[in-house]
Amino acid sequence: MPELPEVETTRRGVEPHLLDRSIVGVVVRDGRLRWPVPGDLPGLLTGRRIAAVRRRAKYLLFDCGGGHLIVHLGMTGSLRLLEAGVPPAPHDHVDIVLDDGRALRFRDPRRFGAILWTARPPGEHVLLQGLGPEPLDGAFDGGYLHGLSRGRTAPVKAFIMDGRVVVGVGNIYANEALFAAGIRPQRAAGQISALRYQRLAVAIKAVLERAIAHGGTTLRDFVDSTGKPGYFRHELQVYGRGGEACPGCGRALREVRLGQRSTVYCAQCQR
DNA sequence: CAACGGACCTGCCTGC
DNA sequence: TGCAGGCAGGTCCGTT
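This note's numbering puts the first residue of the first sequence at 275, with every later residue one more than the last.
Hints should not be assumed to be uniformly reliable.
Stated by the list, open to error - Restraint ranges, calculated between C-beta atoms of paired labels, are given here:
1) 298 with 428: 43 to 51 Å
2) 404 with 357: 34 to 42 Å
3) 500 with 427: 42 to 50 Å
4) 364 with 428: 35 to 43 Å
5) 526 with 428: 25 to 33 Å
6) 476 with 514: 21 to 29 Å
7) 401 with 500: 21 to 29 Å
8) 518 with 295: 42 to 50 Å
Just so you know, these hints were derived from the structure itself, not from any lab. None of the values given here were measured: they were computed from a predicted structure. Even for Gly, the Cβ is constructed at its ideal location relative to N, Cα and C.
Make a model of the complete structure from these sequences and hints.
Written as structure tokens, this is what we have:
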């Protein structure tokens, strides 16, 4: 599921309900996530007050004062805020129970997500080290992409999906941004001009911001903190539309596999 | 380093 | 109807 817009939608949904709430209990029904949930997570969290909910890349960071809970939603994860007494469904692996009786519930059918704890500044955690800039920050622009890409032979789509280059751009939005910028996904990253990278950086920012405004994209699993899907799916120009008419020129969109990922583009509009 | 394939895991859809 | 195979929003890890 979650690329940056879905994670940010989740963050915005849960934050107002968590700020200054205290954690009174933690229920781990299945701790077998991408990495095992720390066995002492209930002990680590119980009694702590949540001071902030931040996001770095696709990680949610819950500032608990004296430590941070790190949550990643993987491919199929979601976080919902539930009233007391809602019985758990399959794949509802972890509940964090708050002092108002409600619970933050983590669901993740494929268990590619993660729930970790760090007592250090979260940016020092091994998973957050070496990450590239946030795409919506000013430091991320066409000049940055152009400079970093010189000499690279990998396809530009793989380049912008590499978290060391820029974070938060997953398969859906990489396809969408490349279409908006008129760049063919297979083109070697190192042979794209500065001007075209400028267009690409603008396109990445625009598509992510629009997706956030629509509450993210739901293909199957993603729901926001209230359990509702995101509505950006209806705005997608190319992802999931292989064989359909290009919104720009009307020719059939092509669908290929690039780096084992479904890739859709218009051979006419994207060069 | 950079690039690439495989791995992790469950559910859903397609085609035989 | 049943079953095998392929595919899905991520990203780490090992090999070349």
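Status of each hint after checking the structure:
About 48 Å separates the C-beta atoms of residue 298 and residue 428, a value consistent with the hinted range of 43 to 51 Å. Checked against the given bound of 34 to 42 Å, the beta carbons of residue 404 and residue 357, roughly 40 Å apart, stay inside it. Between residue 500 and residue 427 the beta carbons are some 45 Å apart, a value that agrees with the proposed interval 42 to 50 Å. For the hinted restraint 35 to 43 Å between residue 364 and residue 428, the CB-CB distance of approximately 39 Å keeps it satisfied.
Residue 526 and residue 428 have their C-beta atoms about 27 Å apart, which keeps the hinted 25 to 33 Å range intact. A beta carbon spacing of about 23 Å between residue 476 and residue 514 agrees with the range 21 to 29 Å that was offered as a hint. A beta carbon spacing of about 28 Å between residue 401 and residue 500 agrees with the range 21 to 29 Å that was offered as a hint. Taking 42 to 50 Å as the suggested C-beta distance range, the pair residue 518 and residue 295 conforms, at roughly 46 Å.
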